[in-house]
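Peer 1: Those protein sequence lines, which keep their order, are chains A and B.
As numbered in the working numbering, residues 1 to 115 make up the first sequence, in order.
As numbered in the working numbering, residues 116 to 353 make up the second sequence, in order.
The hints are simulated quantities; they were obtained by calculation from the structure and are not laboratory data.
Among the hints, a few may not be true.
Taking lysine-lysine pairs in the DSSO-like style, the calculated list, with each CA pair at most 30 angstroms apart, reads [claimed, not checked]:
1. Lys98(A) to Lys42(A)
2. Lys139(B) to Lys90(A)
3. Lys111(A) to Lys94(A)
4. Lys267(B) to Lys90(A)
As a plain string of letters, each chain reads:
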Amino acid sequence: MGIFLVYFGYFFVTIGAIFLFLGALGIYRMPDLYTRLQAGTKASTLGAMSLILGVAFLEPDWWIKLIIMILFIAFSNPLSSHAIARGSYKHNLKPFSKEQIDAYEEVEESKEEQE
Amino acid sequence: MIKQFFVILILSIVGYFLVDAFFKVPFGEKRNNVGNYYIEKSPVDLKVSNAVTAIVVNYRGFDTLGEVTVLFLAATGLGSIMYRRKQKGEKEARAKNPSSRIIQIGSQILFPMIILLGGYVFIHGHLSPGGGFQGGAIIATASLLMLISYRKFKINHNTITWIESIAGVVFASLGFVGLVLGRTFLENFLPSGELNDLLSGGIIGIIYIAVGFKVASELTGVIDTVLLNNRPEAQKEN
Chain A
1 MGIFLVYFGY
11 FFVTIGAIFL
21 FLGALGIYRM
31 PDLYTRLQAG
41 TKASTLGAMS
51 LILGVAFLEP
61 DWWIKLIIMI
71 LFIAFSNPLS
81 SHAIARGSYK
91 HNLKPFSKEQ
101 IDAYEEVEES
111 KEEQE
Chain B
116 MIKQFFVILI
126 LSIVGYFLVD
136 AFFKVPFGEK
146 RNNVGNYYIE
156 KSPVDLKVSN
166 AVTAIVVNYR
176 GFDTLGEVTV
186 LFLAATGLGS
196 IMYRRKQKGE
206 KEARAKNPSS
216 RIIQIGSQIL
226 FPMIILLGGY
236 VFIHGHLSPG
246 GGFQGGAIIA
256 TASLLMLISY
266 RKFKINHNTI
276 TWIESIAGVV
286 FASLGFVGLV
296 LGRTFLENFL
306 PSGELNDLLS
316 GGIIGIIYIA
326 VGFKVASELT
336 GVIDTVLLNN
346 RPEAQKEN
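Just need the whole structure built from these sequences, with the hints factored in.
Peer 2: Here you go:
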């Protein structure tokens with residue numbers, strides 16, 4: 001049983017490392033702030049969570065602390081990126097898109113019409 | 116022209132002494148005996164696994180008391196410089212736009228977790244990296260999160276001042292207790308316990324808890340003062 005736990009652990013750690021690498025690549029490759037945030041946040045959140053889960057399999061004694069860390073990342077990382085994206089939108093940073101689609105603006109306009 | 120000459124002269128004098136001192140420093144030799152003493156003795160004498168904590172709180176504890184006082188002076192000075200009387204009809208709000216529901220609800224979940232992390236960091240200061248200053252700073256970021264997400268979140272400065280004062284008094288009075296029971300100021304009068312145990316290291320744990328509370332309350336006060344006085348409307352009025 002123990003050897004399977006180790007294999008599970010290495011599997012999750014590898015998955016996490018791949019996702020973290022893809023997140024870094026996305027930050028480098030994407031054209032503007034919003035897409036970079038998307039790449040950085042989604043990939044790095046899931047990558048870090050998977051990596052910590054793998055460590056929990058490898059070191060079963062630490063699992064309570066590691067679960068708390070996973071919860072903390074799950075709460076804090078999307079929250080901070082949401083705050084950054086919203087703040088930069090409020091400061092009139094337009095998203096990069098060839099079709100000039102801005103769904104959030106439409107939502108805001110419909111809100112104002114309702115009020 | 117003569118100004119440049121003097122500049123070059125002073126620079127060359129300073130440079131000569133710097134280069135001279137640089138070549139007198141032995142390279143690659145173990146000359147730092149006091150550092151080796153701390154590393155070897157702190158797990159044996161004090162039963163503290165974090166040598167940095169042993170230096171900061173025990174061997175150089177008096178110095179740390181001075182540092183805490185410097186921080187207190189800085190916070191007080193900032194408060195007295197930034198203090199501004201509230202004008203008529205002035206609103207308490209900090210930012211123009213309220214933050215979104217997501218941030219408000221999320222910060223409610225994150226606030227206790229950050230407080231927990233900060234408390235963990237300063238309670239385990241003698242076992243793992245971290246300590247009173249770091250834990251206090253983490254707790255101050257929790258209050259910064261609440262101040263950013265809620266426009267009307269208020270911090271009671273009386274409570275903060277009380278916590279700060281009590282923590283400082285605890286630190287200083289521990290030093291005097293050491294003076295009475297032992298020989299020197301801040302002497303370790305409690306039993307050292309076992310290595311890698313939570314209740315070990317004598318007075319280090321108590322001092323770091325006091326420092327953690329003190330730093331947390333001071334930095335919270337600083338953040339609140341800066342945020343309250345630096346909002347855009349206030350600058351326009353002046």
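Peer 1: Enumerate the violated hints, using their earlier numbering and listing them in ascending order.
Peer 2: 2
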